[in-house]
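There are 2 protein chains.
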Amino acid sequence: MSNKIYFTPGPSQLFYTFEEHLKKAIFNDIPSISHRSSAFIKVMQETTEALVELLELPEGYDIYFLNSANEAWDRIIQNLIQSSSHHFINGAFSKKFYDFATQHAKESTLSEVADGGTFSSWEVPEKAELIGVTKNETSVGHTFLEEELENLRHIYPDKLIALDIVSAAPSLPINFKNVDTAYFSVQKAFGMPSGLGVWIANKRCHEVAIKRAENSSLGSYRALPNLKRFGSKHQTPETPNMLFIYLLGQIAKDILQMGVKKMRNDTTYKAAILNQMVSNHSQLDHFVTSKEHRSKTTVVAKTEKSGEILRFFQKKGLILGDGYGVNKENHIRIANFPTHSKESIEMICDLMDKVE
Amino acid sequence: MSNKIYFTPGPSQLFYTFEEHLKKAIFNDIPSISHRSSAFIKVMQETTEALVELLELPEGYDIYFLNSANEAWDRIIQNLIQSSSHHFINGAFSKKFYDFATQHAKESTLSEVADGGTFSSWEVPEKAELIGVTKNETSVGHTFLEEELENLRHIYPDKLIALDIVSAAPSLPINFKNVDTAYFSVQKAFGMPSGLGVWIANKRCHEVAIKRAENSSLGSYRALPNLKRFGSKHQTPETPNMLFIYLLGQIAKDILQMGVKKMRNDTTYKAAILNQMVSNHSQLDHFVTSKEHRSKTTVVAKTEKSGEILRFFQKKGLILGDGYGVNKENHIRIANFPTHSKESIEMICDLMDKVE
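Residue numbers (my numbering), protein chains in the order written: chain A, 741 to 1096; chain B, 741 to 1096.
Next comes chain A alone, as it looks inside the complex (with noise of 0.2 Å):
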């Protein structure tokens, strides 16, 4: 790596061991042995267990391999939704999900909130099969709480619920009871490079999937009977993403290593931090108004001084995020991910009070 430092909301700053892992991966072929070697069969079910562990997932929610969060989008439409799913929209991506919907021909609906707003209505229409929710809304911010989700989850036991858990996981605890499905991508708060993404699923999918089955096509090699076919042979139905597999295990350990209420109590510090300098700082502000919806993960501030402060820190190696989309010059971005340590994120707070 350079000696810059990324605190990008993702792709990001690459986990702190993860050249060493690299290294050793290289070393041992992981990229040049048999997608259907024992040896890898072995990588596969230590990631699978590590991220079991790391996510506290309950009995019965399996976790299969795709290649990003746009994917696990159009997999969940595929597999779980025969016409039609609602949405809670307040930010790009929330709302990228409810577009996928539309374009693969759903009925779908949404209730929407002016971007990192937080939603004060939970109806969701009858039909709804499915109810969409962004844990952490990365574009702006906004971070749903656990407690909206068991609400959710208690008004509609009947909906599977999908989680986004993109740069949220595994950053925040997250009560999967409350969730039939989940995913996430790698080159957020795991600290890897693009190119993986990470799908969970309950029994109740797989049921709802083998049902639609009976009269939908759920797609080809990545329909949801057929990842579980492979699956419980810790086996993948085409040849994956090898060697990002058994990176992300290999960081998943290291994570498990040091503690994941370490890392959480770090993130909570760190997230303190960060939100105590956008409350103090004079050009800074919080773009999520709701104190108690802000994402510790990612802090976002409006700034009339983006383009100012992005170049202030970026002369001294330190990379912070720009707005997402109509914000993109209004708004300035910081990650916080288990890779930063409370020493960078301190240095990023102090600086910040030198561009007043």
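Wrong hints could be hidden among the right ones.
The calculated lysine-lysine pairs, modelled on PhoX-like cross-linking and capped at a C-alpha distance of 25 Å, are [unchecked claim]:
| id | chain 1 | residue 1 | chain 2 | residue 2 |
| --- | --- | --- | --- | --- |
| 1 | B | Lys-782 | A | Lys-1068 |
| 2 | A | Lys-763 | B | Lys-1056 |
| 3 | B | Lys-1068 | B | Lys-744 |
| 4 | A | Lys-764 | B | Lys-1056 |
| 5 | A | Lys-763 | B | Lys-951 |
| 6 | B | Lys-764 | A | Lys-1056 |
| 7 | B | Lys-951 | A | Lys-846 |
| 8 | B | Lys-968 | B | Lys-1001 |
| 9 | B | Lys-1056 | B | Lys-1082 |
| 10 | B | Lys-973 | B | Lys-951 |
| 11 | B | Lys-1031 | A | Lys-835 |
| 12 | B | Lys-744 | A | Lys-764 |
| 13 | B | Lys-744 | A | Lys-763 |
| 14 | A | Lys-846 | B | Lys-968 |
| 15 | B | Lys-1068 | A | Lys-973 |
| 16 | A | Lys-782 | B | Lys-1055 |
| 17 | B | Lys-1068 | A | Lys-782 |
| 18 | A | Lys-1042 | A | Lys-1031 |
| 19 | B | Lys-1001 | B | Lys-1031 |
| 20 | B | Lys-782 | A | Lys-744 |
| 21 | A | Lys-1002 | A | Lys-917 |
| 22 | A | Lys-968 | B | Lys-835 |
| 23 | B | Lys-782 | B | Lys-973 |
| 24 | B | Lys-968 | A | Lys-835 |
| 25 | A | Lys-968 | A | Lys-943 |
| 26 | B | Lys-1094 | B | Lys-1082 |
| 27 | A | Lys-968 | A | Lys-782 |
| 28 | A | Lys-1094 | A | Lys-744 |
| 29 | A | Lys-764 | A | Lys-993 |
| 30 | B | Lys-846 | A | Lys-846 |
| 31 | A | Lys-763 | B | Lys-1045 |
| 32 | B | Lys-846 | B | Lys-867 |
| 33 | B | Lys-835 | A | Lys-973 |
| 34 | B | Lys-846 | B | Lys-835 |
| 35 | A | Lys-1055 | B | Lys-782 |
| 36 | A | Lys-968 | A | Lys-744 |
| 37 | A | Lys-782 | B | Lys-835 |
| 38 | B | Lys-764 | A | Lys-764 |
| 39 | B | Lys-1055 | A | Lys-764 |
| 40 | A | Lys-1055 | B | Lys-1056 |
Calculated from the structure, these hints are not laboratory results.
Position chain B relative to chain A; hints supplied.
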């Protein structure tokens, strides 16, 4: 890399400059930069241009980045086939494309001959909109001839032709004028880890997709018109496998530097000595009977001593491939990719004499 050499037909030996480029990529933060940055747009452009030159693609043929050849089957089916395709099948991979089409509820048809056999009838039902052909059937070592492809094009000028060039590109010359769409994964002849697929589509494909989109869903982020919209700006709809796209470009440039003609001459020479060795060996016999249809990049021999041969070479750190599927224990497969030196292939031939 370890001191083994992989002659498996993919995943296979990494390209000999792979590690050097990987180090450079990490040093230059390729996995951490934004996929919307000018730096990454430059990477996309360089990789695309190197591939266009290396594969000698005609004007009007575009390159898109997917995650595997399996995904390319899916995208071709979703974007280019309304009701039916026809598939020439003589091995496991040509068969799989047909299977994918039927899983997507297409009424597809096939011309099937025994594994490794050659085709004598070129009949294709009128209803077929697209013809699926496999340039190099990796499972059995059969090559579809350029004359056969030209013949198909001549008989069916109005149908789209999809050519599987997995383990063929860039080793075998292909006249893309006889083809509308083609695809490969990078863990074969490009000597990369698995997890990236390349999809080539010409103008006719775009016209078909745009027409289909009038009353059908083409999928979402990787609908062809969407790929083209982003691709025309050297971008992708989603965050792609940025690291592998960079590495593929570097390897393509290395092969161009070495000389495409030399690489192909070397391929022919190495294939000739491997085939000669199979012809002369008391324990080996060619699986593909038609001499001109024998693959140059995946030499496949029938043998009753498969396990013994593989173990003999493994002890010397030389990893040959076993047979595919039902032929697992009756075949050996030897990859002949650009990274396999003439000396290493000569060594295989010399050593094979010692296992008689």
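Now for the hints, and whether the structure bears them out:
1. B:Lys-782 / A:Lys-1068: Measuring from Cα to Cα gives roughly 21 Å; hence the hint holds.
2. A:Lys-763 / B:Lys-1056: 23 Å, holds
3. B:Lys-1068 / B:Lys-744: Within the cut-off at roughly 22 Å; holds.
4. A:Lys-764 / B:Lys-1056: Measuring from Cα to Cα gives roughly 22 Å; hence the hint holds.
5. A:Lys-763 / B:Lys-951: 48 Å, violated
6. B:Lys-764 / A:Lys-1056: 22 Å, holds
7. B:Lys-951 / A:Lys-846: Answer holds: Lys-951 of chain B to Lys-846 of chain A is near 20 Å, not above 25 Å.
8. B:Lys-968 / B:Lys-1001: 31 Å, violated
9. B:Lys-1056 / B:Lys-1082: 18 Å, holds
10. B:Lys-973 / B:Lys-951: 23 Å, holds
11. B:Lys-1031 / A:Lys-835: 56 Å, violated
12. B:Lys-744 / A:Lys-764: 15 Å, holds
13. B:Lys-744 / A:Lys-763: With a Cα-Cα distance of about 16 Å, the restraint between Lys-744 of chain B and Lys-763 of chain A holds, given a limit of 25 Å.
14. A:Lys-846 / B:Lys-968: With a Cα-Cα distance of about 24 Å, the restraint between Lys-846 of chain A and Lys-968 of chain B holds, given a limit of 25 Å.
15. B:Lys-1068 / A:Lys-973: At roughly 19 Å apart (the allowed maximum being 25 Å), Lys-973 of chain A and Lys-1068 of chain B satisfy the hint.
16. A:Lys-782 / B:Lys-1055: Answer holds: Lys-782 of chain A to Lys-1055 of chain B is near 22 Å, not above 25 Å.
17. B:Lys-1068 / A:Lys-782: Holds. Lys-1068 of chain B to Lys-782 of chain A sits at ~21 Å (cutoff 25 Å).
18. A:Lys-1042 / A:Lys-1031: Holds: Lys-1042 of chain A and Lys-1031 of chain A sit about 15 Å apart, inside 25 Å.
19. B:Lys-1001 / B:Lys-1031: Holds, at about 23 Å.
20. B:Lys-782 / A:Lys-744: The given pair, whose Cα atoms are some 20 Å apart, holds under the 25 Å limit.
21. A:Lys-1002 / A:Lys-917: 23 Å, holds
22. A:Lys-968 / B:Lys-835: Since the Cα atoms of Lys-968 of chain A and Lys-835 of chain B sit roughly 22 Å apart, the hinted pair holds (cutoff 25 Å).
23. B:Lys-782 / B:Lys-973: 10 Å, holds
24. B:Lys-968 / A:Lys-835: 22 Å, holds
25. A:Lys-968 / A:Lys-943: Roughly 11 Å separates the two Cα atoms, so the pair holds.
26. B:Lys-1094 / B:Lys-1082: Roughly 19 Å separates the two Cα atoms, so the pair holds.
27. A:Lys-968 / A:Lys-782: It holds: about 17 Å lies between the C-alpha atoms, which stays within 25 Å.
28. A:Lys-1094 / A:Lys-744: 19 Å, holds
29. A:Lys-764 / A:Lys-993: Within the cut-off at roughly 15 Å; holds.
30. B:Lys-846 / A:Lys-846: 20 Å, holds
31. A:Lys-763 / B:Lys-1045: 36 Å, violated
32. B:Lys-846 / B:Lys-867: Holds, at roughly 11 Å.
33. B:Lys-835 / A:Lys-973: 23 Å, holds
34. B:Lys-846 / B:Lys-835: Measuring from Cα to Cα gives roughly 14 Å; hence the hint holds.
35. A:Lys-1055 / B:Lys-782: Judged against 25 Å, a Cα distance of about 22 Å means the pair holds.
36. A:Lys-968 / A:Lys-744: Distance ~41 Å between Lys-968 of chain A and Lys-744 of chain A Cα, so the pair is violated.
37. A:Lys-782 / B:Lys-835: At roughly 29 Å apart (the allowed maximum being 25 Å), Lys-835 of chain B and Lys-782 of chain A break the hint.
38. B:Lys-764 / A:Lys-764: It holds: about 17 Å lies between the C-alpha atoms, which stays within 25 Å.
39. B:Lys-1055 / A:Lys-764: 22 Å, holds
40. A:Lys-1055 / B:Lys-1056: 52 Å, violated
Comparing the model with each numbered hint stated earlier shows that hints 5, 8, 11, 31, 36, 37 and 40 do not hold.
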